[in-house]
Amino acid sequence: MSIQDSIRQTVTENPVVLFMKGTPTFPQCGFSAGAVQILKNLGANFVAVNVLENAEVRQGIKEYANWPTIPQLYIKGEFVGGSDIMKELFSTGELEKMLQD
Amino acid sequence: MIGTLENEIRARLAPLEAESLELHDDSAAHAGHAGSGGGGHFDVIIVAAAFAGLSKLARHRKVYELLADLIPTRIHALSIKALAPEEF
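Line order of the protein sequences matches chains A and B.
First residue of the first sequence: 1, per UniProt numbering; consecutive thereafter.
First residue of the second sequence: 1, per UniProt numbering; consecutive thereafter.
One thing to keep in mind: the hints can contain errors.
Stated by the list, open to error - Capping the alpha-carbon separation at 30 Å, the derived lysine-lysine pairs in DSSO-like fashion look like this:
| hint | chain 1 | residue 1 | chain 2 | residue 2 |
| --- | --- | --- | --- | --- |
| 1 | A | K62 | A | K97 |
| 2 | A | K62 | B | K81 |
| 3 | B | K81 | A | K76 |
| 4 | A | K62 | B | K62 |
Simulated from the structure, these hints should not be mistaken for laboratory data.
Isolated chain A, as found in the complex (with noise of 0.2 Å):
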């Protein structure tokens, strides 16, 4: 299976994927540390997929969303965006809307 596929599916199996660097609990970069937090107000439940662990996967998600940064957030399937957005989607609560649908 090509990274393309391997994201593509990754991201349709789940309904909610981050795309960061490090983990959850240790996130290794400011950015990706406050999406998490933003998730973890809204009580989400998400599979965070650490791109620091595979190159293949840093490069090829940011060919995947045609987006440069990371982190990246997934809501079924569709590509959301980054830190800034999701920052903006939280505090007009539609991220929470986004969520719950």
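Based on these hints, arrange chain B on the given structure of chain A.
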């Protein structure tokens, strides 16, 4: 050469014809953390008519496109706030 990269970022974002562009170099707060690779951390707030009617994703993509070849080598991290004039 302080400010050179900032000037370059401003020049790259010129096509947005921003009404307001605030750029902060936040690199000092992140110097030497794991995986930073030496690139700068920037925080940008852009108010531009070009963002009107666009989704958040589309707005951020516009900014990333203009800066593409600077990421991740010279810009390690970029925090973006992209607003249309009526939202400011």
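(message) Just to be careful, I want the Cα atoms of K62 of chain A and K97 of chain A compared with a cutoff of 30 Å; is the pair within it?
(response) holds (26 Å)
(message) Holds or violated: K62 of chain A and K81 of chain B, Cα atoms, limit 30 Å.
(response) Status holds; Cα separation ~20 Å.
(request) For the pair supplied as a hint, K81 of chain B and K76 of chain A, confirm whether the alpha-carbon distance does not exceed 30 Å. (result) holds (25 Å)
(request) Take the C-alpha atoms of K62 of chain A and K62 of chain B, compute the straight-line distance between them, and say whether it is at most 30 Å. (result) holds (15 Å)
The structure meets every hint from the earlier list without exception.
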